[in-house]
Amino acid sequence: AQKVTQAQTEISVVEKEDVTLDCVYETRDTTYYLFWYKQPPSGELVFLIRRNSFDEQNEISGRYSWNFQKSTSSFNFTITASQVVDSAVYFCALSEAVLREYGNKLVFGAGTILRVKS
Amino acid sequence: DAGVTQSPTHLIKTRGQQVTLRCSPKSGHDTVSWYQQALGQGPQFIFQYYEEEERQRGNFPDRFSGHQFPNYSSELNVNALLLGDSALYLCASSSLGTGSYEQYFGPGTRLTVT
Chain A
1 AQKVTQAQTE ISVVEKEDVT LDCVYETRDT TYYLFWYKQP PSGELVFLIR
51 RNSFDEQNEI SGRYSWNFQK STSSFNFTIT ASQVVDSAVY FCALSEAVLR
101 EYGNKLVFGA GTILRVKS
Chain B
119 DAGVTQSPTH LIKTRGQQVT LRCSPKSGHD TVSWYQQALG QGPQFIFQYY
169 EEEERQRGNF PDRFSGHQFP NYSSELNVNA LLLGDSALYL CASSSLGTGS
219 YEQYFGPGTR LTVT
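From first to last, the protein sequence lines are chains A and B.
The opening residue of the first sequence carries number 1 in the working numbering; numbering runs sequentially from there.
The opening residue of the second sequence carries number 119 in the working numbering; numbering runs sequentially from there.
What the hints contain is simulated information worked out from the structure, not anything from laboratory work.
Any given hint might turn out to be false.
The calculated lysine to any residue pairs, modelled on SDA-like cross-linking and capped at a C-alpha distance of 25 Å, are [unchecked claim]:
(1) A:Lys16 with A:Glu96
(2) B:Lys131 with A:Lys16
(3) B:Lys131 with A:Gly43
(4) A:Lys70 with B:Gly217
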């Protein structure tokens with residue numbers, strides 16, 4: 001069975017601080033996909049990144065970076081020099097190997113509320 | 119490029135009633151998924167449609183049903199509404215046909231059951 005755990009319920013930081021959001025996952029598949037989504041107060045989930053299980057290279061996109069470690073089943077997300085606009089709920093999600101006939105559901109963690117204060 | 123659209127934005131229904139929510143996928147996408155997000159929780163997968171067929175289903179009762187039309191748009195129907203069905207219903211589109219597995223979400227429909 002698939003499971004995603006985001007142990008941090010809520011994090012508060014002051015603007016310009018770095019912050020890391022943790023994500024631990026469980027799956028029996030050897031091929032799977034990991035995602036991060038941002039949900040601002042407006043409610044719409046915004047796609048941030050997808051990672052394939054066979055690609056452990058870390059990725060950086062502007063102030064965002066992602067650290068994928070299969071050995072610890074973790075896919076952590078770091079925001080550098082946080083800004084007030086980063087305040088949102090962040091979700092980590094897992095999808096097992098996709099077959100067109102069977103589709104691909106996303107299994108989400110409970111989310112981490114990030115509050116960035118000015 | 120239009121993103122995923124959902125209608126209506128908000129809806130108030132009474133217990134026992136039936137509701138239909140609608141979703142149009144992002145241009146170029148052929149797959150629609152539905153999720154239920156209760157307050158303070160992560161989205162829960164309801165089902166996914168591709169080629170007008172339900173491909174996968176989450177742990178939701180038969181009161182939840184859906185449909186996908188030839189233009190890839192989709193409907194979610196919920197019968198015999200319960201208070202516990204109050205939630206944000208999110209539609210996501212992707213493209214199984216072309217191997218694009220990222221799911222892009224719409225703004226959601228906020229359903230309140232009284």
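To see whether the hints hold, each was checked on the structure:
{"no.": "1", "hint": "A:Lys16 with A:Glu96", "in the structure": "violated (36 Å)"}
{"no.": "2", "hint": "B:Lys131 with A:Lys16", "in the structure": "violated (44 Å)"}
{"no.": "3", "hint": "B:Lys131 with A:Gly43", "in the structure": "holds (21 Å)"}
{"no.": "4", "hint": "A:Lys70 with B:Gly217", "in the structure": "holds (23 Å)"}
Violated hints, in rising order: 1 and 2; the structure is consistent with all others.
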